[in-house]
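Here the protein sequences come in this chain order: A and B. Going letter by letter, the first sequence gives residues 2 to 250 in my numbering. Going letter by letter, the second sequence gives residues 2 to 250 in my numbering.
By construction, these hints were calculated from the structure, which means they are not laboratory data. Some clues are possibly wrong.
As the list claims (entries may be wrong) - Capping the alpha-carbon separation at 27 Å, the derived lysine-lysine pairs in DSSO-like fashion look like this: (1) B/K138 <-> B/K172; (2) A/K138 <-> B/K82; (3) A/K138 <-> A/K172; (4) A/K138 <-> B/K138; (5) B/K172 <-> A/K172; (6) A/K138 <-> A/K148; (7) B/K172 <-> A/K119; (8) B/K194 <-> B/K172; (9) B/K82 <-> B/K54; (10) B/K119 <-> B/K82; (11) A/K119 <-> A/K82; (12) B/K148 <-> B/K119; (13) B/K138 <-> B/K148; (14) B/K138 <-> B/K119; (15) A/K138 <-> A/K119; (16) A/K82 <-> B/K82; (17) A/K194 <-> A/K172; (18) A/K148 <-> A/K194; (19) A/K138 <-> B/K172; (20) B/K138 <-> A/K194; (21) A/K172 <-> B/K148; (22) B/K82 <-> B/K148; (23) A/K138 <-> A/K194; (24) A/K82 <-> A/K148; (25) A/K54 <-> A/K82; (26) A/K82 <-> B/K119; (27) A/K194 <-> B/K172; (28) B/K138 <-> B/K194; (29) A/K119 <-> A/K148; (30) B/K138 <-> A/K172; (31) B/K82 <-> A/K119; (32) B/K194 <-> B/K148.
In case you want the letters, here they are:
Number of protein chains: 2
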Amino acid sequence: MLYTGNMETFFTFLERRVDDCASLLCIGLDPHVSDIPFPTAAAARDFCLRLVKATAPYAAAFKPNAAFFEVFGAEGWDALKQVIEAVAEESARLGSTIPVILDAKRGDIASTAEAYAKSAFENLGVHAITLSPYLGKDSIDPFLAYKEKGVFLLCKTSNPGAGDLQDLLVKPQTSEVLKTSEVYAPLYIHVAKLAQRWNSGDNIGLVVGATQPEALRRVRAAAPELWFLVPGVGAQGGDLAAALRSGLR
Amino acid sequence: MLYTGNMETFFTFLERRVDDCASLLCIGLDPHVSDIPFPTAAAARDFCLRLVKATAPYAAAFKPNAAFFEVFGAEGWDALKQVIEAVAEESARLGSTIPVILDAKRGDIASTAEAYAKSAFENLGVHAITLSPYLGKDSIDPFLAYKEKGVFLLCKTSNPGAGDLQDLLVKPQTSEVLKTSEVYAPLYIHVAKLAQRWNSGDNIGLVVGATQPEALRRVRAAAPELWFLVPGVGAQGGDLAAALRSGLR
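Kindly produce the complete structure, drawing on both the sequences and the hints.
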């Protein structure tokens, strides 16, 4: 059955939440083993539940990191589900739904990508997910098929090894969308332009690290309309004001 | 504590198994919902247990796909663990340990990558994992730190969208290792050369699709020493003889 109603996209939903809470803050839910009293799924869950409760009024979104739950196996998976449900409960209490972005960085094809999408969007019930672009458009499509959900593609990350692939200069493309005045453009700029082109359903954003404002500025120029998920402010050394100056639409 | 004994690397282990079973066949454990009688974790597990039992004597390795278990949440995670344990039991029965490669295509950094590595190598107990290279060397290092385990980096995949990034022509690098006689080389060749350079611990292989023998040949030339994991023979249309001609060391 084709849904033809006035469906809200993820980014319209996110904008409403941003208005409601007057904040652009995405709060990571990263229960590192070193930050919890016991290395158990229950301790990871309780750490996140406390954080959700304390910060919900200020959260434009929550971003649980799949790895820190997956490391506890089946119990971790249940804990992740409980954390996501807790965000829904706080949302109901506040009268404003807070989006949940699963930080999973999945990247696979065909029926495998469909299974990852079903896992995130149907079983866990998150509103958006982070994905790797290395396998190309058809690895993203099974996620985009959920038209009310969102994806954030890895574009330019803030780790030292990001340059191994992301900064490589790629030959200018002949297609209209990708042509550029630069002789060569870094791979991450190419990814930004691809994402801008693929965003016909208003459901693609980009992950761009906060630690390099100049890269943020270049990605913003390449993808003027897209939402950015910008990790790295604080502990990783990113400067909030500089990131906002470079990255805001 | 630094382990200084005569540790066996993953690839030495794999070679021994290849000798024992006189086969290079890696058997995928992909319990698609469409292939199982009920969409449950138990049905996915039983499908894989039957496959493991029927094919163990001929398997150089088994490759369970994380997505088809993750889609069943906590129960799926338990099912995956049981399937991996079943391979260990068949190995004991045969008197020859069969490697298990977790097809998870993870790609993240720092403590997140450490958690994914711990999940795969310690909790699930697999011998190797597939990873995405988009975030660079430091996203691979937490896995390489397990010196007796292996990683297979995505290099050239067989899906239609592979070309969106992997085939992009990259400007020649000035470093000795990466320089090339070609004016431009595709990104996947760059990845192959990086993997060859990073393989100082004999624990890195490459994922190269079977459907494009010419790409296989080029990757083999760029990374003469690495093991390839070559999906795509059979249903996806890859020709076994052509893949072997192009990919064998």
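The hints, checked one at a time:
no. : hint              : result
1   : B/K138 <-> B/K172 : holds, 19 Å
2   : A/K138 <-> B/K82  : violated, 31 Å
3   : A/K138 <-> A/K172 : holds, 19 Å
4   : A/K138 <-> B/K138 : holds, 24 Å
5   : B/K172 <-> A/K172 : holds, 7 Å
6   : A/K138 <-> A/K148 : holds, 16 Å
7   : B/K172 <-> A/K119 : violated, 38 Å
8   : B/K194 <-> B/K172 : holds, 14 Å
9   : B/K82 <-> B/K54   : holds, 16 Å
10  : B/K119 <-> B/K82  : holds, 14 Å
11  : A/K119 <-> A/K82  : holds, 14 Å
12  : B/K148 <-> B/K119 : holds, 13 Å
13  : B/K138 <-> B/K148 : holds, 16 Å
14  : B/K138 <-> B/K119 : holds, 18 Å
15  : A/K138 <-> A/K119 : holds, 18 Å
16  : A/K82 <-> B/K82   : holds, 20 Å
17  : A/K194 <-> A/K172 : holds, 14 Å
18  : A/K148 <-> A/K194 : holds, 21 Å
19  : A/K138 <-> B/K172 : holds, 23 Å
20  : B/K138 <-> A/K194 : holds, 25 Å
21  : A/K172 <-> B/K148 : violated, 37 Å
22  : B/K82 <-> B/K148  : holds, 22 Å
23  : A/K138 <-> A/K194 : holds, 12 Å
24  : A/K82 <-> A/K148  : holds, 22 Å
25  : A/K54 <-> A/K82   : holds, 16 Å
26  : A/K82 <-> B/K119  : holds, 21 Å
27  : A/K194 <-> B/K172 : holds, 19 Å
28  : B/K138 <-> B/K194 : holds, 12 Å
29  : A/K119 <-> A/K148 : holds, 13 Å
30  : B/K138 <-> A/K172 : holds, 23 Å
31  : B/K82 <-> A/K119  : holds, 21 Å
32  : B/K194 <-> B/K148 : holds, 21 Å
Taken one by one, the earlier hints fail for this structure at numbers 2, 7, 21, listed in ascending order.
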